[in-house]
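The whole structure should be built from the sequences, with the hints applied where relevant.
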Amino acid sequence: MWVLTTEEFIMNEFCSCGTNTVMKTSWTDHNPGRPYIAYERFKQINGCNYFVWIDPPICTRARQIIPGLLRRVNRFEEDLNRFEEEEKQIYVYNRTVSSKPSRFCNV
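Each position in the sequence shown, counted from 1, maps to that position plus 23 in the working numbering.
These aren't lab readings, by the way, just hints derived from the structure by calculation.
Given the structure is predicted, the values throughout are model-derived calculations rather than measurements.
Hints may contain errors.
Think about it this way: if two alpha-carbon atoms lie no more than 25 Å apart in a straight line, the pair counts; the simulated SDA-like pairs of lysine to any residue are [stated by the list, open to error]:
| hint | residue 1 | residue 2 |
| --- | --- | --- |
| 1 | 47 | 109 |
| 2 | 66 | 52 |
| 3 | 123 | 100 |
| 4 | 47 | 97 |
Here it is in structure tokens:
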């Protein structure tokens, strides 16, 4: 049974120390998007070293391409967020300017 948490799945599988394991996804440049199962506190103080890859390694070419694509997507998302914020500021400015009476028109 899989239980969805914020960033990982808690598994009904236990490591050798008897603690739940979790399924996570690696986002390192060497293993982008690769799922693995590990001890809940893997790489933490007093944590055990239980770690298993779920699928085989990705090919060398994909390993070279994916990190660059992810960085590109992140840049596009940052640009989009910046443009949306600028658009909001322009909208507020235009509403402020258009709501002020004109000095040149006596209607």
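Outcome of the hint check:
no., hint, verdict
1, 47 - 109, "violated (36 Å)"
2, 66 - 52, "holds (18 Å)"
3, 123 - 100, "violated (35 Å)"
4, 47 - 97, "holds (20 Å)"
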